[in-house]
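Engineer: Assemble the complex: chain X is given as a structure, and chain C must be docked to it using the hints.
Those protein sequence lines, which keep their order, are chains X and C.
Going by the UniProt record's numbering, the first sequence opens with residue 1, and the numbers climb by one from there.
Going by the UniProt record's numbering, the second sequence opens with residue 1, and the numbers climb by one from there.
The set of hints was computed from the structure by calculation and includes no laboratory data.
Don't take each hint at face value.
No more than 25 Å apart at the CA atoms, straight line, and that leaves these computed lysine-lysine pairs for BS3-like [to be verified]: (1) LYS95/C with LYS118/X; (2) LYS36/C with LYS62/X; (3) LYS121/C with LYS95/C.
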Amino acid sequence: MNSSSGKSYMSTASSSVIWKAGGDVVADQFPAGLRVLVVDDDPTCLMILEKMLKACQYNVTKCNRAETALSMLRENRNGFDIIISDVHMPDMDGFKLLEHIGLEMDLPVIMMSADDGKNVVMKGVTHGACDYLIKPVRIEALKNIWQHVVRKRKNEWKDFEQSGSVEEGDRQPKQSEDADYSSSANEGNWKSSKRRKDDEDENDERDDTSTLKKPRVVWSVELHQQFVAAVNQLGIEKAVPKKILELMNVPGLTRENVASHLQKYRLYLRRLSGVSQHPSNLNNSFMNPQDATFGPLDLQALAATGQLPAQSLATLQAAGLGRSTAKSGIPMPLVDQRNIFSFENPKLRFGEAQQHVNNNKQMNLLHGIPTTMEPKQLAGLHHTAQSMGNMNMPVLSHGSQSSQNNPLLMQMAQPQARGQMLNDSTVGLAPRLLSPMGQPMLSNGMATNVSTRNGVPENIRAPSYNPVSQTSSMLNFPMNHISELPGNSFPLVSTPGISSLAPKVAFQEDVNSEIKGSVGFMPSYDIFNDLNQHKPQNWELQNVGMMFNTSQHSNSLRGNLDHTQSVLVQQGFSTGQNRNSTVISKAMFSAGDSTGHVNAQNGNQHLNSLFVDNTVRVKSERVADAAPANLYPDHFGQEDLMSALLKQQDVIAPAENNDFDFDGYSIDNIPV
Amino acid sequence: MESKHVHEQIAAMRQSFFNEEVLNENFSQLEQLEGKDNPNFVEEVFTMYLRDSIAFLETIEEAMKTIPIDSIKMDSILHQLKGSSASVGANKVLKEVNKTRQVLGKGNLERTKASILELRKEYDSFKAKLEPYFQLKQANSVAQEK
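Isolated chain X, as found in the complex (with noise of 0.2 Å):
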């Protein structure tokens, strides 16, 4: 379509170009002209809505299968800029089509349905839809659909500037090369509005074009080879964007790129690996995002200090999984395959951490990590936490291990922590538990999480961390109640919900009464319940650092579910960055259905916001649109372990999640 754009990725470029060449348009007369590819097999709906776009001024591409869309957008990813699409078609789900776009082209896309049901909704938020219209569509619902990609190139900018200044100066020549080929006006607005997004982020929104304009890499085929071929090379544990840029050395591509799109390769392995239960790699082992429920730090640690057999440690993840994919299916985003390992280190403290918490020793896990923890559970947690925090370092260091540490420490969480924890279930045991592992798992898991959160770290510090001490919560989540256990209980929360999470759904019901012991694998609600709503809540929110509020009774936790959920998906849920979001929409699944993704919705959203400000830091990696697991921004609240973590996430490149739209990758996609 464009043949203007040279550069595939300036799809901004191109679509100004486009509208110009398409008629005149200028970018005054945005929104008209956008390109919409509106997909249905039902005819009748199929002419009514082209009718109708047409009649709002767009440039429309009718469809009735689905796979006739993919394929359009494949030969042309610069060709469209929005999709909207029905749900239920018979040859592929409507879901699917959704995953793929966001996984290959990364464009905003609208389904509709006849069926206004919470949970259908639902599910397009956790797949990362940006809107859901409600058959018979009105036309009035089809003029403003142009917001959502001004939204989407407006984070998309805002990625970029986050992600570094490196890319000013690839942007820079991009932005000539559209001045080559689009319009005067277009390209002084792009470029004027980059400049501006890299000065100021306001500027894009008041050129609506501007934002358009944000160069977008499409990532063909042969980009993803490349990538992949990349990653293969260094290693999955070792591949940072920066390196991965390095390798590729594809010109005008920017580390943010490549740190959007390994976060959701990771996913997307992660899922891969969920449901073949692959424990050999990282990027697979951790469980499917929609497991992610599992800690990934809790197994890892688990796993690490062998307490927690493989098999059950399997067990764990399958009963996890299994339990996230009937909940919601919330494809959680691929949490920085770093981010999952760095959980893993700490779970495997965790799972030393239960060991000795049983025997009542307290594992520094987390090291130095100030926690507010309740006295008792500060006292445990500050052993652990040192120790942990010791322990962390060295476990980050086992990111690679990890893909096996995390099942093994999901396991290990969780029976060891149900048995151990159970019994204990002194509130102080659990905060021992919890905060050495959660600590360090926090930590790591925060760390983890962080990449795809923001350090979620910080939360573990959460004040609020009762449920920790609750035990259940705490031990759950090795990694996020340790660190929180002092009262954020968001370490622990965070680990053991993340982890929890995914092994929730199986765990819960164990969990419950073992929350006290277990491990922080019920992070979601049942930890909460059982914690009392405390800390979970709490930690949850540390870890989101802010939507939980310590108050949060079982009742928040599912809200705090939903926050922790991405809280913890970011945080403990190293198990898929994404996955915490799936884990704790899965959490909020679980627990309250539809109150689960609202909150996470909202949760995210508050996540945000709460990261920036609380401990919870989780990097949110990009908090897809559905909500659960949306991306903090980066704010490693913990400074040791934050730092120790960040780094190993830095290729997670937190800031450019924000935009994770879809949680991740349809296995059966991703070209490889």
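Structural biologist: Chain C only, in chain X's frame:
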């Protein structure tokens, strides 16, 4: 003039549809989409709708004959029918579709059968009303062109 008379007749028919709630405001939306460059848009849409929905209905009726009934498939078809009926503004048909889906969901075979019969009746009635309307409209516009 004759054309004026026909014109009034058409308007009256149309109004009656709304009064009887055979059509709802979505129909008006479609009418608004009609323009000089596509004066028969609504009719085209309806032709398409009637054609597709009869196919749906027949499939549903067939599906009811198998034992046990494939309720998932049926619900999927009903869902589609719901979407298209809602989009064209076929109000009563839409209501019947929803009712049928509900009954089907509850698993009551007899009531589902009855409901499908009702749906079919409503559809036939709808078709019987709208087709002459469009024919008249078409004839009138042709006449006016002369």
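Engineer: Now, for every hint given, state plainly whether the structure supports it.
Structural biologist: Results for each hint:
no., hint, in the structure
1, LYS95/C with LYS118/X, "holds, 20 Å"
2, LYS36/C with LYS62/X, "holds, 22 Å"
3, LYS121/C with LYS95/C, "holds, 12 Å"
Of the numbered hints listed earlier, not one is contradicted by the structure.
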